[in-house]
Amino acid sequence: MDVAAAPWVENTPGRGRTGLDWPEVWHYRELVTFLALRDVKVRYKQAVFGLLWAVIRPLVAMAVFTVVFGRLVHAPSDGVPYVLFAFTGVIVWTLFADGLDAATTSLVSNAALITKVYFPRVTVPLAGVLPRLLDFGVSLVLLAVLLVVARRPPGPQVVLLPVVVLWCVVLAFGVGLIFATVHVRYRDAHHALGLLTQVWLFASPVAYSSSLVPPQWRWVYALNPMVGPLEGARWTLLSTPPPSVTVLLASLSTGLLAVWAGVRTFARNERRLADVI
Amino acid sequence: MTGNTTIEMHGVGKRYRLGGTAAPDNLREALARGFGRRLRARQPPEESREVWALRGVDLSVPAGATLGIVGRNGAGKSTLLKILSRITDPTEGRSRVRGKVGSLLEVGTGFHPELSGRENIFLNAAILGMPRSVVARRLDDIVAFSGVERFLDTPVKRYSSGMYLRLAFAVAAHIDADVLLVDEVLAVGDAEFQRRCLGTMETIGNSGRTVVFVSHNLDAVTRLCSTALWLDAGRVRAVGPTAQVVDAYLLDATPDAGSRVFADDPAAPVALASVATHGTSGPITGRILADDPVVVDVALVLREPIPGLDLAVSVETTGGTRLLDESLSEAGPPTGPLTVAGPYMVSLTLPPLLMPGEYVLNVWIGTTYETFVWESAAGWLRLEGSHRGRPDRLLSSQGTWTVTTPEGR
Numbered sequence: 147m148d149v150a151a152a153p154w155v156e157n158t159p160g161r162g163r164t165g166l167d168w169p170e171v172w173h174y175r176e177l178v179t180f181l182a183l184r185d186v187k188v189r190y191k192q193a194v195f196g197l198l199w200a201v202i203r204p205l206v207a208m209a210v211f212t213v214v215f216g217r218l219v220h221a222p223s224d225g226v227p228y229v230l231f232a233f234t235g236v237i238v239w240t241l242f243a244d245g246l247d248a249a250t251t252s253l254v255s256n257a258a259l260i261t262k263v264y265f266p267r268v269t270v271p272l273a274g275v276l277p278r279l280l281d282f283g284v285s286l287v288l289l290a291v292l293l294v295v296a297r298r299p300p301g302p303q304v305v306l307l308p309v310v311v312l313w314c315v316v317l318a319f320g321v322g323l324i325f326a327t328v329h330v331r332y333r334d335a336h337h338a339l340g341l342l343t344q345v346w347l348f349a350s351p352v353a354y355s356s357s358l359v360p361p362q363w364r365w366v367y368a369l370n371p372m373v374g375p376l377e378g379a380r381w382t383l384l385s386t387p388p389p390s391v392t393v394l395l396a397s398l399s400t401g402l403l404a405v406w407a408g409v410r411t412f413a414r415n416e417r418r419l420a421d422v423i
Numbered sequence: 017m018t019g020n021t022t023i024e025m026h027g028v029g030k031r032y033r034l035g036g037t038a039a040p041d042n043l044r045e046a047l048a049r050g051f052g053r054r055l056r057a058r059q060p061p062e063e064s065r066e067v068w069a070l071r072g073v074d075l076s077v078p079a080g081a082t083l084g085i086v087g088r089n090g091a092g093k094s095t096l097l098k099i100l101s102r103i104t105d106p107t108e109g110r111s112r113v114r115g116k117v118g119s120l121l122e123v124g125t126g127f128h129p130e131l132s133g134r135e136n137i138f139l140n141a142a143i144l145g146m147p148r149s150v151v152a153r154r155l156d157d158i159v160a161f162s163g164v165e166r167f168l169d170t171p172v173k174r175y176s177s178g179m180y181l182r183l184a185f186a187v188a189a190h191i192d193a194d195v196l197l198v199d200e201v202l203a204v205g206d207a208e209f210q211r212r213c214l215g216t217m218e219t220i221g222n223s224g225r226t227v228v229f230v231s232h233n234l235d236a237v238t239r240l241c242s243t244a245l246w247l248d249a250g251r252v253r254a255v256g257p258t259a260q261v262v263d264a265y266l267l268d269a270t271p272d273a274g275s276r277v278f279a280d281d282p283a284a285p286v287a288l289a290s291v292a293t294h295g296t297s298g299p300i301t302g303r304i305l306a307d308d309p310v311v312v313d314v315a316l317v318l319r320e321p322i323p324g325l326d327l328a329v330s331v332e333t334t335g336g337t338r339l340l341d342e343s344l345s346e347a348g349p350p351t352g353p354l355t356v357a358g359p360y361m362v363s364l365t366l367p368p369l370l371m372p373g374e375y376v377l378n379v380w381i382g383t384t385y386e387t388f389v390w391e392s393a394a395g396w397l398r399l400e401g402s403h404r405g406r407p408d409r410l411l412s413s414q415g416t417w418t419v420t421t422p423e424g425r
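Just so you know, the protein sequences line up as chains A and B, in that order. The opening position of the first sequence corresponds to residue 147 in my numbering, with each subsequent residue numbered one higher. The opening position of the second sequence corresponds to residue 17 in my numbering, with each subsequent residue numbered one higher.
Among the clues, some could well be false.
Unchecked claim - The calculated lysine-lysine pairs, modelled on BS3-like cross-linking and capped at a C-alpha distance of 27 Å, are:
id, chain 1, residue 1, chain 2, residue 2
1, A, Lys187, B, Lys173
2, B, Lys116, A, Lys191
3, A, Lys187, A, Lys262
4, B, Lys116, A, Lys262
5, A, Lys262, B, Lys173
For the record, the hints were derived by calculation from the structure and aren't laboratory data.
Take the sequences, apply the hints, and build the full model.
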């Protein structure tokens with residue numbers, strides 16, 4: 147036995163911890179995959195439409211936006227057919243909002259695991275966000291079909307789409323960590339989140355273009371960390387004007403701040419989750 | 017010393033807050049209180065709402081040892097395991113473990129009803145920290161051990177509870193761990209399952225891995241563990257060789273272990289003085305082995321001669337099933353020995369018929385026409401030892417077997 151040579155693993159009072167043990171999370175990457183796969187499998191078991199639901203929801207949202215904002219309000223859409231404009235916005239927003247929601251509820255729905263087995267807790271919200279990528283992928287296929295029908299092939303900037311997607315996922319994860327931590331103690335967090343995402347949706351350029359915002363206020367508007375990725379997604383997929391550097395910097399800085407706050411909040415409370423869940 | 021230990025704990029304590037006052041349960045309350053705190057002067061902290069589930073625990077376990085943890089409900093046994101396994105952090109002190117830690121805290125933790133048996137094996141193994149490649153290699157072993165081959169691709173929600181348990185235990189039994197933490201696995205399942213669990217645990221214990229085992233089943237603890245730790249109200253009461261610790265725990269757990277004294281009634285023609293039980297190997301340990309004959313001593317005072325006086329001792333299960341009802345007259349001459357006034361000690365020696373467990377003793381003294389003493393639950397009998405693999409039976413006759421062939425070869 148080489149146990150004598152193995153390093154000690156300490157368990158000391160967890161107060162005041164501010165960082166996560168990322169190498170350990172990497173060590174548990176298989177668990178993240180399994181938990182994410184479990185989510186996917188379970189969600190679409192015994193559902194006749196299965197993965198189709200991933201497209202139905204954004205399609206309905208797009209239809210509503212098209213009627214209300216496209217037809218009635220005549221919201222500007224940066225020279226792109228409003229249907230395409232809205233659909234792109236909706237699927238990117240859905241990726242973010244669903245990921246955020248899944249991350250928030252993930253800890254409580256895995257309470258049985260958290261109170262019985264040790265593993266880095268952050269794997270749970272991480273595994274909650276990742277399955278949303280599959281839904282996004284399915285929606286993206288539909289968008290591709292729409293683009294072909296509309297004869298609007300994306301430009302070479304489409305290679306930057308993964309960056310935009312990563313941005314959304316990391317943001318959902320980071321903000322999700324804050325809500326997930328609060329949700330463990332106060333179930334109000336989920337209700338509050340529902341309200342927040344509703345307001346946030348209309349504070350983001352999903353159903354309308356940010357060109358509605360006066361230019362001198364754009365950077366303030368872009369402090370909403372979803373402005374950058376939404377404009378970026380439309381630029382890569384629909385060839386609308388690219389987001390300005392100011393917008394990118396503003397969104398990126400608030401986004402990173404939110405992610406940093408999320409990781410910090412989570413790390414501070416990680417060791418005590420099993421006691422309060 | 018430290019060169020060979022795998023588990024070390026120094027002054028480990030864990031404090032829990034109780035109730036809703038110390039920790040507001042919804043945001044509104046938390047916010048309200050937050051503002052309140054600003055406005056009002058600081059209130060004294062509510063110490064009374066806090067409970068130390070563990071306090072000042074020092075522990076050092078050498079590699080390859082099997083440590084049993086005994087104690088009453090709420091003594092902190094599970095909290096200790098949770099700190100060892102890092103599920104929760106200690107409030108004070110530090111705990112450290114060397115090598116890979118595996119927890120077998122509750123059979124089937126992490127199983128998802130919608131997933132198939134195969135999917136659950138991989139998921140559960142990942143939760144227990146086993147790499148996919150290792151599981152794939154051991155899949156056949158795990159499946160064979162569980163005995164659910166035919167249902168491997170069926171969602172586990174369609175499994176019987178027995179199949180479910182077997183599969184879960186099969187995964188847990190195949191995890192690679194230098195230190196295995198086991199909590200009350202034997203609390204579930206039928207006799208067959210429990211026997212299997214115990215057997216596997218024995219194998220694991222003998223394979224040089226360090227095992228920490230928590231159970232209310234003292235029989236299992238005695239069988240599996242070389243060392244035992246007795247926790248009482250969050251503190252360590254004793255650590256040492258299992259037999260000694262378990263004995264001390266049992267003595268403490270039943271303050272009147274083998275004996276009960278009754279208040280004298282001077283007016284009664286016959287009065288019960290005391291009832292005591294002990295094994296034939298000696299009353300000192302307070303521990304009676306099921307393999308030994310059991311002696312029930314009934315002390316009584318006879319104040320006047322009563323013709324045809326008889327005494328009976330009956331043994332019941334704690335559930336109230338009467339197993340034995342032995343009377344003095346059955347053994348001796350019909351007139352009976354209790355003829356002259358004075359103190360008597362009547363002893364009944366029972367052959368080792370009863371299986372380990374708890375029994376209630378009743379004492380009756382009277383004649384065919386009259387009952388003078390009827391004391392139900394006059395005494396307790398707690399038998400220790402091994403079920404010898406059959407925990408379901410109450411009695412073992414130790415009857416003799418013979419095997420012959422019809423031809424008389």
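Hints, verified against the model:
Taking the CA atoms of A:Lys187 and B:Lys173, the gap is near 15 Å; set against the 27 Å cutoff, the hint holds. For the hint pairing B:Lys116 with A:Lys191, the CA-to-CA distance comes to about 35 Å; that exceeds 27 Å, so the pair is violated. As the CA atoms of A:Lys187 and A:Lys262 are separated by approximately 23 Å, the hinted pair is consistent with the 27 Å bound. Proximity of B:Lys116 to A:Lys262 is assessed by CA-CA distance (about 17 Å); at most 27 Å being required, the pair is judged to hold.
For the hint linking A:Lys262 to B:Lys173, the alpha-carbon distance of about 21 Å falls within 27 Å, and the restraint holds.
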